[in-house]
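**Q** Model the full assembly from the supplied sequences, consistent with the hints where possible.
Protein sequence lines, in the order shown, are assigned to chains D and E.
At position 206 of the first sequence the residue is numbered 199 (the working numbering), and the sequence of numbers has no breaks.
At position 49 of the second sequence the residue is numbered 132 (the working numbering), and the sequence of numbers has no breaks.
Don't read these hints as lab results, they were simulated from the structure.
Given the structure is predicted, the values throughout are model-derived calculations rather than measurements.
All C-beta atoms in this analysis are idealised placements derived from N, C-alpha and C, irrespective of residue type, glycine included.
Just so you know, not all the hints are guaranteed correct.
[As the list claims (entries may be wrong)] Computed beta-carbon distance windows for the label pairs:
| hint | chain 1 | residue 1 | chain 2 | residue 2 | range |
| --- | --- | --- | --- | --- | --- |
| 1 | E | Arg253 | D | Gly11 | 33 to 39 Å |
| 2 | E | Gly142 | D | Ala275 | 41 to 47 Å |
| 3 | E | Glu379 | D | Ser315 | 46 to 52 Å |
| 4 | E | Gly148 | D | Gln5 | 51 to 57 Å |
| 5 | D | Leu14 | E | Gly123 | 56 to 62 Å |
| 6 | E | Gly219 | D | Ala129 | 36 to 42 Å |
| 7 | D | Val387 | E | Pro249 | 53 to 59 Å |
| 8 | D | Leu(-3) | E | Arg261 | 31 to 37 Å |
| 9 | E | Ala109 | D | Val324 | 53 to 59 Å |
As a plain string of letters, each chain reads:
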Amino acid sequence: MKLLALAWKDLQRQSRSGLLLVMALGAPLLLTGLLFFAFDSPSGSPQIATVRLAFTNLDRPPAGSPIAAGRTLQALLSAPSLASLVEVVSVPDAAAARAQVARGNVGAALIVPPDFTAAVLGTAGPSTVALIADPARPLSAGVVRDIVQRALDTFSAGALAARLTLERTSGPLSGVLAARAATSVAQGLADSTGAAGLQLRAPPGSSPSFAARMAAQVMGAMMIFFVFFTGAQGASSLLREQEEGTLARLYTTPTRASTVLGGKFLGTAVTLALQTVVLLVASAVIFGIHWGRPLPLLLATLALVVAAAGFGVLLLSFVRTSRQAGPMFGVVLTVTGMVGGLMTATFTNLPPGFELASRFTPQGWAMAAWRACLDGADLGAMALPLAVTAAIGVACLVVGVPLMRRRFALGSGT
Amino acid sequence: MTHAVEVVGLSKRFGDTIAVDGVDLAVAEGELFSLLGPNGAGKTTLMGMLAGLLEPDGGRALIGGQRAGSSAARALLGVVPQEVALYPDLSAHENLAFWGRMYGLRGDDLRRRCDTLLQVVGLEGRRRDRVGTFSGGMKRRLNIAAALLHRPSVVMLDEPTVGIDPQSRRAILDYVLRLNREGATVFYTTHYMEEAQELSDRIAILDRGRIIALGTHDELVRIVGERDVIDLILGDASAGDAVAAFRDLPGIDSDGSPDQNGRLRLLADDGETALPLLFQRAAEAGVSIRSVAVTEPNLESVFLQLTGRALRD
Chain D
-6 MKLLALAWKD
4 LQRQSRSGLL
14 LVMALGAPLL
24 LTGLLFFAFD
34 SPSGSPQIAT
44 VRLAFTNLDR
54 PPAGSPIAAG
64 RTLQALLSAP
74 SLASLVEVVS
84 VPDAAAARAQ
94 VARGNVGAAL
104 IVPPDFTAAV
114 LGTAGPSTVA
124 LIADPARPLS
134 AGVVRDIVQR
144 ALDTFSAGAL
154 AARLTLERTS
164 GPLSGVLAAR
174 AATSVAQGLA
184 DSTGAAGLQL
194 RAPPGSSPSF
204 AARMAAQVMG
214 AMMIFFVFFT
224 GAQGASSLLR
234 EQEEGTLARL
244 YTTPTRASTV
254 LGGKFLGTAV
264 TLALQTVVLL
274 VASAVIFGIH
284 WGRPLPLLLA
294 TLALVVAAAG
304 FGVLLLSFVR
314 TSRQAGPMFG
324 VVLTVTGMVG
334 GLMTATFTNL
344 PPGFELASRF
354 TPQGWAMAAW
364 RACLDGADLG
374 AMALPLAVTA
384 AIGVACLVVG
394 VPLMRRRFAL
404 GSGT
Chain E
84 MTHAVEVVGL
94 SKRFGDTIAV
104 DGVDLAVAEG
114 ELFSLLGPNG
124 AGKTTLMGML
134 AGLLEPDGGR
144 ALIGGQRAGS
154 SAARALLGVV
164 PQEVALYPDL
174 SAHENLAFWG
184 RMYGLRGDDL
194 RRRCDTLLQV
204 VGLEGRRRDR
214 VGTFSGGMKR
224 RLNIAAALLH
234 RPSVVMLDEP
244 TVGIDPQSRR
254 AILDYVLRLN
264 REGATVFYTT
274 HYMEEAQELS
284 DRIAILDRGR
294 IIALGTHDEL
304 VRIVGERDVI
314 DLILGDASAG
324 DAVAAFRDLP
334 GIDSDGSPDQ
344 NGRLRLLADD
354 GETALPLLFQ
364 RAAEAGVSIR
374 SVAVTEPNLE
384 SVFLQLTGRA
394 LRD
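**A** Dropping the structure here:
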């Protein structure tokens, strides 16, 4: 009962702090809104400039091949339905393509290798299509990469489907027969895709609009960033109580120190959960974000709450006064947030080292869990980021709680 | 017999500083007991140990026979801290309701106690207003109310009138007296001599962590004797003749010779009747008196006598 009274008191106080409300709810929604409305349009199509794409087709189809996959890919990318997104410019060789990107004449370059058709037909090993992006234009690279990936998936799926179908109906096939069958299905699939117009389609379970998808990434990142701030703020309310004398007064009542500290933690955890839920609902209503299925969403929320509350408790052990807490939390949470990839959530071509570094921060793991949730990943795929996010929170608590008890419990001069 | 508060050999040190040094005292149930001492005497440290906020380095403290700091002792206590310890962003009623819950109250009982105490401290009309908007005196009154919700048998008030206006101070003192009349044992710390004198059944004078005197007001005053003190400042030429001139006046004695500033201290059985005689004899002897001050014996003079320092030094 006292535990609930302590938590309720903290919730009341926090709900009356204008600054906290702005930081916890206003800032993430505002930052996401700025981006969303910059890219959103009444039609639901993205309002972004057409990306110029240098296309270098080095593909040399095998003799007698019924298709030229390189040319088909170029045709797909040049389809009228993509004209508002991509303008394909033919460039004779890889060096010229790279030079165009380097000079900024194009947003990205795509280099199709000589064995591309052979790879599609399954008569050669895997082949690599190179996408060269201008690092200063991450959005262009993201758009092109998305479209190309879908085109390549179409080829791969067609070839695989054909091989399987024929194997089941006719038994093991000779290499030549298999190649012909794959060619036929891949061509059909490619033609039908081209006829229908290659569309930007959202992955299952995520938002249909481009702006909403982008907003979801930003909103997820901002939510994590500010939830961690609220967690630290909640923990530092102990410092405020110590300075205001109310903590000492609490200890003059017949209330155990563990109840006082437990009530604080509960109040912070409930605040964080409420903040997350309000942000999820508000962003779904305002930006049309579909956050994924309920169970993964619930687990991602819980993991985020545990991590943010735990990290806050740990940070608290490094500050002496509430005046120190503001700047210290600001610096630590901004740095760990940046390293965790929260400021670059929409960037798709970050160096691998950056991705690795993000895994050394709780925010990085939390972002991975929310990305998986947004992508509609199943629980198995989400298990690792969820478990690591929650485990970091628990580890912070294991280290931080004894320090907190020693410092804020009785006999400590409070 | 179980005392409301019992302290035996209690001591506490912070680094090299001895804050409380082997204090012994016992407060009877229903007594209004004051701990008087200058700032830094150790009053708040002693109170902190009684409230269970500080672990003593030596000795023991009992509240109603329970070890100070234990849950049972804390349930008997209502502690009013020196600084206002309330939540400024909660209303007066929300504050009281919260502190009541911390003392285990709930439901109708809690509601009734909150309403009663808001009325008693005159804040009924401001029950929904946030405490942050209150004046210093209003906060102090609510600060006291928050310690009384659970009808404690021992109420400890740590300098509750510091820095407030005379009207609020009067209201607080009246309320402390009322509490005591209603049966609560009151343990009151102050550095205001007048408060201790007005309120207390017994007074302990604390200095540098030690109790230097303990008793009723009259008992303490007897330490300096029951005679009034008359301080004269004499004209330059008169200092030498004054002692001889005043020597055989009835009921008046000198405690020495004038100092270099011409200050002469006399002790009189009754200052009021001594003054006319004094001026008459001075006129006859040609002794010039530049100023005169009569002081009845009080706690200030007791403290001065025992420590050589003024209470407010």
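**Q** Using the beta carbons of Leu(-3) (chain D) and Arg261 (chain E), state whether their distance is inside 31 to 37 Å or not.
**A** 34 Å, holds
**Q** The hint says 36 to 42 Å between Gly219 (chain E) and Ala129 (chain D); measuring C-beta to C-beta, is that right?
**A** 60 Å, violated
**Q** For the pair Gly148 (chain E) and Gln5 (chain D), does the Cβ-Cβ distance stay inside 51 to 57 Å?
**A** Once the Cβ atoms are compared, 38 Å apart, the range 51 to 57 Å for Gln5 (chain D) and Gly148 (chain E) is violated.
**Q** Taking the Cβ atom of Val387 (chain D) and the Cβ atom of Pro249 (chain E), is their distance within the range 53 to 59 Å?
**A** Given about 56 Å between the Cβ atoms, the range holds.
**Q** Starting from the range 46 to 52 Å, see whether the pair Glu379 (chain E) and Ser315 (chain D) falls in it by beta-carbon distance.
**A** Holds - the Cβ-Cβ distance for Glu379 (chain E) and Ser315 (chain D), about 49 Å, lies within 46 to 52 Å.
**Q** Falls inside 33 to 39 Å, the C-beta gap from Arg253 (chain E) to Gly11 (chain D)?
**A** Taking Cβ atoms as reference, Arg253 (chain E) and Gly11 (chain D) lie about 38 Å apart, which means the hint holds.
**Q** For Gly142 (chain E) and Ala275 (chain D), compare the CB-CB distance with the range 41 to 47 Å and indicate the outcome.
**A** Once the Cβ atoms are compared, 59 Å apart, the range 41 to 47 Å for Ala275 (chain D) and Gly142 (chain E) is violated.
**Q** Are Leu14 (chain D) and Gly123 (chain E) spaced within 56 to 62 Å by their CB atoms?
**A** 43 Å, violated
**Q** Would you say the C-beta atoms of Ala109 (chain E) and Val324 (chain D) sit inside 53 to 59 Å of each other?
**A** 54 Å, holds
Hints 2, 4, 5, 6, counting from the list given before, are not met by this structure.
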